Every structure is written in structure tokens, then in C-alpha cells.
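Start from the sequences, fold in the hints, and give me the full structure.
Residue numbers (our numbering), protein chains in the order written: chain A, 1 to 166; chain B, 167 to 702.
Derived by calculation from the structure, the hints in this document are not laboratory data.
As the structure is a prediction and not an experimental result, all values here were calculated from the model.
Hints are supplied without guarantee of correctness; some may be wrong.
[What the hints assert, rightly or not] Derived pair list, reagent style DSS-like, types lysine-lysine, alpha-carbon separation capped at 25 Å:
#, chain 1, residue 1, chain 2, residue 2
1, B, Lys294, B, Lys283
2, B, Lys190, A, Lys69
3, A, Lys69, B, Lys385
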Amino acid sequence: MAATVKVMRRPDPGQTSYIRATLKGMALTFKHMVNPKKVTRQYPEEQPPLSERWRGTHRMEVHADGRPKCVACGLCPTVCPANCIRLVGGEDDQGNRYPIVYEIDEFRCIFCGMCQEVCPVEAIHVGVHFENAEYTRDRFVYDLDRLMEQDHPTTLLWDPSDPRSE
Amino acid sequence: MADSKATQETVTLTIDGQEVTVPKGTTILQAAESMGTRVPHYCYHPGLTAPAQCRLCLVEVQGAPKLQASCVTAAQDGQVVLTESEQATEMRQGVLEFYLANHPLDCPICDQSGECKLQDYVHAEGRKHGRSREPKRVFGRDDFGGDILFYGDRCVMCTRCVRFMEEKAQDPRLTVVERGNRSIIDTFFEDGVEGSPYAGNIVDICPVGALVSKDFLHKARAWDLDHTPSICPNCSQGCNIDLHVRDNRVQRIKPRANLSVNEYWMCDYGRHRYEWMNREDRLEAPAYKVGGEYVITDWSSVLDELAERLDDPRPALAVASPFASTEELGALRRLVDHLGGGRIVYRMPRADEEIPLPGFSDLARRRDLAPNGKGAEILGMERVGDDEGRGGLEDFSGHTGTLIVLGDELADLDQGFGEQASLYMYLGAHPSPAARQADFLLPRCTFAEQEGTFINHQGRVQRFWPGIQATGAAQPAWIALAALQLRLEGGGRGISTAAEAFLQVAEVAPELQGLSYQTIGTRGALVNEPVALPGS
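Now the structure itself:
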């Protein structure tokens, strides 16, 4: 099939004025300067509102004496669909089962929140938090100390009997 | 178990609407299991007497005034048994609720979680919520000595452990103290079961997490473990075992039932010797010496080179290991025969005494502390060395012909071993000082990484399966030896499976003729001629 060429006719450059179009654009800009309905958020000074059920990076709850609440039962690495939790259980000097190693690879995590849902002692939580930038990749494997230091709010679990949290 | 006289007659009964014919004397529970219906139970164990005290195996027998304990009620002709009737399930639910009245429900920190019968039964049939408002009794944790820890709170008082120590170990060190709600398992003496050579079995038979192993404590979750049927490599008894593997490491060994060998048990000696299977100092790639330096290469190049060097055969001597599989030993026998024949010796550590299990006389920790001494003997290998598995290789150090070492780590020998040999080939899993002079270093799988057979002291050929991945390029020795022989013979029938390797061994060992992996199966098969037992 022979190609059809459409020839566009443009005004001669010497005979065209852009003043009208420029004024039209400036008018829109000045209209927004005085528009009371602002849409630009002054992040990071101004933080966006996050849902209570927002699922961000994890945190580990601690007992009053500073021990992690985790008892190394192994349910979160079992349920984790991304296989991002590494757990080695052991016994502390008071005879309590606790995690010797507890690491979450936040790069691999898909933030489904099932670890929080399955935890029988409410130790591991996903959090209402999104600022996770780091300078190196290895900082994204959160170890137990890091998880215990995190202090952002924990996520509200979805309640099937109250699906809209009312 | 029905005795031999009773097996003459049979009875036919109906269980859950299905007719089943069993030998007279069989209990209802066994009859139900023979047709695939599992009746929940705690106190009944096929290897022990049944006291009918857990009250969980109650079933409805039509015509009987109340529910019958199926573990002790003999099956009778024309009986109509209902295991799932409303009355029976309601009773089981009630019994389980009583068990949970004092159970701490500490499943998250309990080692039995995932293989716990209380968990299983309550999950299947129990109430969703407890109704008990009373405080639970608390005993805490008790050290029973040896490898055993006792969590009294979790105990369901099935007394399997007490009966095992009484009936099988015949060393009654456990008993029930107190009565009713406060009753608890306890030891008579301070040292508990310390020193009892079969005490580890009470952890296996405990249906809940009351008795746990210190060695396995908090090590892995039951559902993370892969189970591979295998044979205990620690003595010539050849107990059937399961290797429990996680992250490519053997985490523990559990006995596997085989009524002809070890019934349901195994000794603690074997149970706790598994760490060597996880050793990380391994030979990983085949290598051969060129001008005093090792060249690391691949299997086909090293075998080509080896075949070229062996083309002009010299008198061969070989050291084999009784820890190697029959297939590996047979491949070595065939190779040495091909090279013109020669002595093959093996060294085997030997214990001072047998450690029998009094309640099952066929089972003992045997004096020969290797799994396949019988296989080596059948293949015409000669036993040398002392009871430590050392010495006996004085003629070998100065040998000037071909020298082959298969599996033996030569721990007692120095770096000069094999210096004079025209060709020294070391087929091993681990590096050894005595392999320094080896012209060819070939990495071999341990038994846990390959399929094969061991022949136990009775002459029973038993199969084992690979539980963990081999390190690097390590292969079962029979693969390398058979490929080498193919090159030496300049063609012929190649083999690719352990089953074929076994058939090749049978060609040189009349005792194994007619046997195959199919006939051996998972239970093992005796070698053809009753070979005289070693003087152990």
C-alpha cells in the first residue's frame, strides 16, 4: 500500500504573533496565585495524612524491661509469602524462648501485614510509616535492634466483623 | 499384636459401615487402622501395652451399654462399630476439653508444635473456646537428666514414657506421683534417666510437648523439617531412621518403624551422632596433581586423565570404608578386579560391648560401629586395624602400585602416606592430611547425600535416600568409579541410577543376586545365604 503523506500548512514564521497565546497562559497562572483551593502540599514540613490501616515498615513491640515480645514461634516466617523473615530461636538466661536472630528484608517484603496478623503474642507489627530512604542497600535488612527501635504507630488490623472500622 | 496362634482364625466386623476382616485377637483400634480409619488415642502405642486410660479412643459398639475403649476391646464377629457417631464425637470433644483444662496452650514456644497430637485432635474435633474459669495448675520445667527436659504443664498423663522405661528399657526410672488433678510424671532419683541408653525414645513417643530433647530445644519448627527415610549409620544394627533436615543440615534423627529391625525405637548413641553429616570441611571439586600442584577440574576431564594413567595397570591395593554404601563398595570391587585384582581392606571401630534394648531383643547398639561392615565382608574385603578403627595399613604406606582410598579418612596416618604409590587416588568427602600425596582427589557424597543401601549385621539389605544436597561437585563414589570403568573398558553399559549400580554389584556378589531396589523396598530384604554373624 502506498503511503499517503499529509502535508501540513503552517503560517509563515515571520507573520505569526505569539502574544495572544502567551497572555492566555499567564492569565491561568495568575488565576492560580489567588485561587484559595491549594493543592500543593509543603512536604516534608507538612506530612500527608495516612490511613490507620496503612502498612509500612515493621516494628517489634518490647516488654517493659526492654526484651522483645517475640517468642520465636516461627509463624511469621512460615506465613510470609515473600519469604523475607529470617528467624533463629533460642533460650535466654531466664529460660524464655526468644529470637537470637530476627531479620526482615524490607526490600523483599510486600507489606501484606500477614506477619502481624499471625503473631500470637502481638510482637511484630507493620507500621503507619513510609519514609524509608537509606544511603546503602544493606540498611534495608532490619535486624532485631532496629525493629525494636522503630517507634512509629502500628497498623490497625482489618476486622472482618467491622470492615470499615466504624 | 495378635500372637501366632490367634492369626489362624479371623473375625469380620463392620466399622463405620465398612466391613473388615482381621485376625482374631486384633483390637478395634488396630482393625480400624488397617482399613485407614484413625481413632484418636494417646495412651495406646503399638509397641507398648495399652492401659486404656486416656479415654480418647472411645467408640460406639452397637449393643454395648456404653462407649468402649477401642485400644483394648477385641474385635468380634458381627460387631458394628461407629467411630464417628454423635455419641462418640461428643465424648471425644468432652475428653479433649478436660485435657485443655490444665494445658498451658503455649504452642508458640513448644517444640512439639506442629507434630502434637493434642493440637491435631483439638483442631479437628475440639471446642472452639474453653469454658474453664478455674486457674490452671503450674508445675514448671524439670530436668530429667540426659537429653530429656520435662514440661509438666503440657503433660496429658498418657504414661507412654513410664511404660517404655518399664517394658522396653526395663529400667523403670519414671513413675506417676500424686493423684487426680495433681498427678505428674516424676523420676525416682536425682539423676533421672541420665545414663539410660534408650531414654531418647520417650521424647518420640510423647504425644505432646511434655518431654522434649535438649539437643533439639528451640532449634527448628516441626513443619520446617523435611523427613527423609534413611538408615542409622552409627552401628551395624541398621536402625531405620528419618533424617529431619532444615536449611540443608540434619537437625535431628528420629526412628522409623521397622518391626524386623528396630521396632519403633533407636538408641541414644545413634540418635545424637548426626553432626558429622553437616561438616563443612569438604572436598568440593575433583582435582589432580600436575608437577606437584593440584589442578582443579571437572569430572569428565579428571576421569579421562585417570583412565589414561590407569591404562597400564599395576598391582592395586584399596582401602574402603564400612561407612560407604554397598553400591560404592561394589563399584570399587569391580574396578579393582578389572585392574587385575588386589587386596581391599576396611577398618571399622568396635565398641567394648553391645547395648541391647531388653524389651525388644533384636535391637542393640552393636559392637561394630559402622553400618556396612557386612557389605564389605560380602564383597570379599578384609578387615584390618584395631578397635579404634586405626592401624593395619603398614603394608600400604610403602606400596608402589596403584593405591585407592574410598571413604576412609585415614585420620591416624601422616602426610607421607601413599608417597611411593605409582598412582594414589583418594575418593573422600573430607580433606585429610593423609591425602596430601594423592594424585587424584575425588569428592564423594556422604551417605546422607546419596541413595544407596547398607547391609546390616543380620544380612538385611536396607535402602536409604538422600536427605541433603551434596557440597560442590561431590558425587556418590559409584558414579565416578563406574564412569571410570567404562572408560577403561572402552565402552559398555553405562549406569545412571543407584538401582542400576546395585544390580551391577549383584553381578560380583552372589549373596545379592535376585535382589533389586523393588524387592528391597522400604523394609529391607535379607541377603540370599544366611551368612554367619560376626563374632560380636
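Against the structure, the hints come out as follows:
no.	hint	in the structure
1	B:Lys294 / B:Lys283	holds, 17 Å
2	B:Lys190 / A:Lys69	violated, 56 Å
3	A:Lys69 / B:Lys385	holds, 19 Å
Hint 2 alone, counting from the list given before, is not met by this structure.
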